[in-house]
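Novice: Sequence:
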Amino acid sequence: DFVSLHLPVLDSTRGLVNADMLSHFKQGSCLLNFAREEIVSIDAVVSALNEGQLSRYVTDFPHPQLLGRQDTLLMPHIGASTAEAEENCAVMAANQLRAFLEHGNIRNSVNFPAIELDRTTDYRITIANRNEPGTLSHILTLIGDEGLNVADLLNKSVGDIAYNIVDLDELPQQALLDKIGGLEGVINLRLIEGEPA
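Take the sequence shown: its letter number 23 is residue 18 in my numbering, and every next letter is one higher.
If you are wondering where the hints come from, they were derived from the structure by calculation, not from laboratory data. Note that the Cβ used here is the ideal one computed from N, Cα and C, for glycine as well. Treat the hints loosely; a few may be bogus.
[To be verified] Computed beta-carbon distance windows for the label pairs:
(1) Gly10 x Glu190: 42 to 52 Å
(2) Ser18 x Gln168: 39 to 49 Å
(3) Ser18 x Asn90: 32 to 42 Å
(4) Ser132 x Gly189: 43 to 53 Å
(5) Ser7 x Thr136: 49 to 59 Å
(6) Val153 x Glu33: 15 to 25 Å
(7) Leu0 x Asp164: 33 to 43 Å
(8) Leu172 x Leu2: 31 to 41 Å
(9) Val53 x Ala109: 13 to 23 Å
(10) Ser7 x His133: 41 to 51 Å
(11) Gly10 x Leu166: 43 to 53 Å
(12) Asp140 x Ala88: 32 to 42 Å
(13) Glu97 x Thr136: 26 to 36 Å
Produce the complete structure using the sequences and hints provided.
Specialist: Okay, structure coming up:
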């Protein structure tokens, strides 16, 4: 089952999704929170994930307790809605989400850097990591050690978050992706395959 939250933050909704509420979810449910971070108790979500009550938590509010977990999908928070331009904003948000899902590009995010790189190869990896010295160097060393050529690369950061787009000439093996994903500071890694648009 999927549970998607669409609520404002009010006194009555703050912390609404807590341990008690999660205990009533069907075992293995997926919780999607694109509403507001304060609606969900992160401690309760982490416990529910650890116990298997939740199989996955998808949100655009990355929290330190969620970083590096395989059972969470952390996405950029796109702030792009006004009452005056609701239809245009919906189209814009859909296009931005499509650009992220298909190419790893990020536009108008509140908590991730704006970054766009035209596709140059069929194989792209995107990596979100803590913005710490040496992380990109470690990533590129692992890629080079596998004999893969980086055809194009872009790295941007905002605050504590860095985001990398790396186009490779060849398909990276899962073992390499696992090594990169296991590096200290790496939050999320994604392989995007397909012909450049």
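Novice: Using the C-beta atoms of Ser18 and Asn90, is the stated range 32 to 42 Å upheld?
Specialist: For Asn90 against Ser18, whose Cβ atoms are near 39 Å apart, the range 32 to 42 Å holds.
Novice: Return holds or violated for the Cβ distance of Leu172 and Leu2 against the range 31 to 41 Å.
Specialist: holds, 36 Å
Novice: Taking 39 to 49 Å as the hint, is the beta-carbon distance of Ser18 and Gln168 inside that range?
Specialist: Since the Cβ atoms of Ser18 and Gln168 sit about 41 Å apart, the hinted range of 39 to 49 Å holds.
Novice: Regarding Val153 and Glu33, is the given constraint of 15 to 25 Å on their beta-carbon distance met?
Specialist: holds, 21 Å
Novice: Tell me if the beta carbons of Ser7 and His133 are separated by a distance inside 41 to 51 Å.
Specialist: holds, 46 Å
Novice: Just to be sure I understand the hint, the distance between the Cβ atoms of Ser132 and Gly189 should be within 43 to 53 Å; is that true here?
Specialist: violated, 28 Å
Novice: Range first: 43 to 53 Å. Now tell me if the beta carbons of Gly10 and Leu166 are that far apart.
Specialist: holds, 44 Å
Novice: Given the range 42 to 52 Å, decide if the beta-carbon distance of Gly10 to Glu190 lies inside it.
Specialist: holds, 46 Å
Novice: Between Leu0 and Asp164, is the Cβ distance one that fits in 33 to 43 Å?
Specialist: holds, 41 Å
Novice: Mind checking the hinted window 32 to 42 Å against the Cβ distance between Asp140 and Ala88?
Specialist: holds, 39 Å
Novice: Holds or violated: the 26 to 36 Å window for the beta-carbon distance between Glu97 and Thr136?
Specialist: holds, 28 Å
Novice: Range first: 49 to 59 Å. Now tell me if the beta carbons of Ser7 and Thr136 are that far apart.
Specialist: Hint holds: Cβ distance 51 Å, inside 49 to 59 Å.
When held up to the earlier numbered hints, the structure conflicts with hint 4 and nothing else.
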